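A.B. asks: The chain contents come next:
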Amino acid sequence: MRRQARRWKGSVVSSAPSFLERHEFLLRRLHSLAGLVPVGAYMMVHLAVNASVFGSPRIFQRLVFHIHSLGPVLPLVEWTFIFLPIIFHGAFGLFITTGVKPNIEAYPYNSNLRYTLQRATGVIAFLFIFWHVFHMHGWFHNHFWVTYVAHPLMGAEFSPYNAGSSAALAMQASFLVPVLYTIGILAVVFHFSNGLFTLGITWGIWISPTAQERAKLLANVVFVIFAVAGMASIVGLYSMSQEKIAEVRAEEDEAYKVLVETGDIVPNPEKHSPLSEYAPGKHSDAEESDVEEGE
Amino acid sequence: MIAHANKPKTFFVKILRQDAPGKPSYWEKFELDYEPELNVISVLQKIAAKATTAGGQKTTPVCWDCGCLEEVCGACTMVINNKVRQSCSALVDKLLEDGREIELKPMSKFPVVRDLYVDRSRMFNALKKVKAWIPVDGYYDLGPGPKQSRGDQEMAYPLSECMTCGCCVEACPQYSKIELTPNVGETPEEFEDRKVDTFNRNFVGAAAISQVALFNLNPTGKMNAGERLDALTEEGGIQVCGNAQNCVAVCPKKIPLTMSIGRIGRAVTFNTLRKWFDRPAKKH
Ligand code: HEM
Ligand code: HEM
Ligand code: SF4
Ligand code: SF4
Ligand code: FES
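Line by line, the protein sequences are chains F and Z.
In our numbering, each number is its position in the first sequence, counted from 1, plus 8.
In our numbering, each number is its position in the second sequence, counted from 1, plus 6.
None of these hints come from the bench; they were simulated from the model.
Keep in mind that the hints are not guaranteed to be accurate.
[Stated by the list, open to error] The list that follows gives simulated cross-link-like pairs (lysine to aspartate or glutamate, DMTMM-like), each with its CA atoms no further than 20 Å apart:
id : chain 1 : residue 1 : chain 2 : residue 2
1  : F       : Lys-109   : Z       : Glu-185
2  : Z       : Lys-111   : F       : Glu-113
3  : Z       : Lys-183   : F       : Glu-221
4  : Z       : Lys-281   : F       : Glu-221
5  : Z       : Lys-260   : F       : Glu-29
6  : Z       : Lys-135   : F       : Glu-278
7  : F       : Lys-265   : F       : Glu-278
8  : Z       : Lys-135   : F       : Glu-32
[Unchecked claim] FRET-style restraints, in silico, Cβ to Cβ:
id : chain 1 : residue 1 : chain 2 : residue 2 : range
9  : Z       : Arg-106   : F       : Leu-38    : 52 to 58 Å
10 : F       : Leu-38    : Z       : Asp-158   : 31 to 37 Å
11 : Z       : Tyr-32    : F       : Leu-38    : 42 to 48 Å
12 : F       : Ile-112   : Z       : Lys-134   : 29 to 35 Å
13 : F       : Pro-116   : Z       : Lys-20    : 51 to 57 Å
14 : Z       : Asn-131   : F       : Asn-150   : 51 to 57 Å
Here the structure is a predicted model, which is why all the values come from computation and not from measurement.
For every residue, glycine included, the Cβ atom is placed at its ideal position computed from N, Cα and C.
All chains, full assembly: derive it from the sequences and hints.
C.D. replies: Rendered as structure tokens:
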């Protein structure tokens, strides 16, 4: 009513409230929730799965096979539960961040530093995830896109049916890759663990100062756990020797053969590394191609 | 006294001045003889009496606001050596411990009326928006209200100390300055309407959130708890808080603001869910 009256009088400066303004509370709460589930939950599982490559590329491949046993439904699951929530949380997060002036110089408190870092790491996370998904996954698995856009730009390097070996090669593509991954992972993990702390205030889970101190401790523990997990996968992938990669690839191909026979995995030539014996355009003669490619 | 030992003979006061709303601001420096036990208000009184800059030039007296002179009204709040605080309780002996100069600026989140005097009406508007009062006025005696437990009283007391001074929002990175000027052809009422509307659409700030915690704790105030929570989920409500926790760090009354934010954050979530599922408001 008030707004309408205001408009009649012709004294409007700001336009009628936009969708974002009218639903500010709901959107902020959804943004907060999305940071925990599904995005945060995905990150925890993702980093844990990736860390397994440090101990055993075989376990890593087994976990990836599990995920990819979804076959043709996988892209739907990825977009609904991973990509769209990340895009929503990320885009809305950037929107929240713009227009706010950090004042850390004037008020150099610990909590203000966390606040400022939460925004800074959000921006880093945005850039990192945008590039990282392109680098490993490619964003789209359309044949044209993968062949003519992603591959020439060092994207879509990950081949799910040769998980460990292709991820290792992707990580070793340049010394910059592990550097960028380290920055990206530390930023995302800080963002997530500090986000966990603020989320507890947002939703009123930890209220008293004592409870908040304990929650901060918990957040720090979460940070350490997932930072270590992330570093483990980077080190595991970056330090894999060429011989080891070839060995791992042969093992992956063997596992694939068995799983296709049992029907647990749907054949899909695009999910093999170009160096795999099952790569498109190669006949599946294991011994022969192994000798040719093994470096 | 030890505190006054080796103090300078004179000291400087640098003030960020502004002649009127919307006018450019400029620095002026004043030199004063040192005396023990000055506070910033007495310094400002001396400067007003002198009205001469350190360079010896005549100038207009510096304008500021104050009331109680004992840190309970909040009117004299300004930014002193880059920290927001009350000028009546800012002691010169303390401030001179780190140098011979004191820097005074008006708060940056409110429109300047003149010099160090700002217009905090947005804060008072926020109290209206969240109905920070208990409606007990009427034509007949309503009888004694319900009793408040000892525990609740102890929780409420610190919250009741808020003096709407503005320190919390001055330090809050999520709270941005709003300064409006009348449009051509706009009547004062229309301008006031537009101002209230703009205030209501921007962040209410920690003080108002904490006042909701206070009044929703009161046994009579509880009866309007839902309305206050509704106001805090409108545009500019509690959701704008980004948990920087500067508010609690600078509050001169040490009000546990982040505790209020957490408690109200939880209450608004439940309040919103109840409304969604069309459930009656909780009778505490
Ligand atoms: C893609 C880029 C991202 C951007 C730009 C971004 C931005 C933000 C911002 C600005 C906030 C603060 C919101 C507020 O205080 O109101 C935030 C909170 C949060 N973010 Fe992100 N974020 C991103 C990615 C992520 C990721 C990948 C995760 C999980 C791993 C995540 C988890 C969280 C959590 C848990 C919160 C706390 C919510 C709360 O305090 O209520 N974010 N994000
Ligand atoms: C230790 C560092 C990391 C490694 C080695 C790594 C590795 C990978 C690999 C191999 C893929 C491709 C999976 C596939 O196509 O099936 C992938 C996808 C993806 N990663 Fe990471 N990742 C890391 C950190 C992160 C972090 C911190 C995030 C942020 C939450 C993240 C988000 C994603 C997303 C959103 C996808 C695409 C979703 C999907 O493929 O299902 N990654 N990552
Ligand atoms: S909460 Fe504290 S800082 Fe904020 S207005 Fe009240 S007394 Fe001032
Ligand atoms: S906790 Fe919220 S209200 Fe307090 S300073 Fe931070 S953003 Fe502002
Ligand atoms: S004059 Fe009242 S608080 Fe300083």
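A.B. asks: Hint by hint, note whether the structure agrees.
C.D. replies: Verification of the hints:
1. Lys-109/F / Glu-185/Z: 17 Å, holds
2. Lys-111/Z / Glu-113/F: Given pair Lys-111/Z, Glu-113/F holds - Cα atoms ~16 Å apart, limit 20 Å.
3. Lys-183/Z / Glu-221/F: 31 Å, violated
4. Lys-281/Z / Glu-221/F: The given pair, whose Cα atoms are some 33 Å apart, is violated under the 20 Å limit.
5. Lys-260/Z / Glu-29/F: The hint is violated at about 32 Å.
6. Lys-135/Z / Glu-278/F: 60 Å, violated
7. Lys-265/F / Glu-278/F: With a Cα-Cα distance of about 15 Å, the restraint between Lys-265/F and Glu-278/F holds, given a limit of 20 Å.
8. Lys-135/Z / Glu-32/F: Holds. Lys-135/Z to Glu-32/F sits at ~17 Å (cutoff 20 Å).
9. Arg-106/Z / Leu-38/F: 52 to 58 Å: 54 Å, holds
10. Leu-38/F / Asp-158/Z: 31 to 37 Å: 33 Å, holds
11. Tyr-32/Z / Leu-38/F: 42 to 48 Å: With a Cβ separation near 46 Å, Tyr-32/Z and Leu-38/F satisfy 42 to 48 Å, so the hint holds.
12. Ile-112/F / Lys-134/Z: 29 to 35 Å: For Ile-112/F and Lys-134/Z the Cβ distance comes to about 32 Å; the hint holds.
13. Pro-116/F / Lys-20/Z: 51 to 57 Å: 22 Å, violated
14. Asn-131/Z / Asn-150/F: 51 to 57 Å: 54 Å, holds
Taken one by one, the earlier hints fail for this structure at numbers 3, 4, 5, 6 and 13, listed in ascending order.
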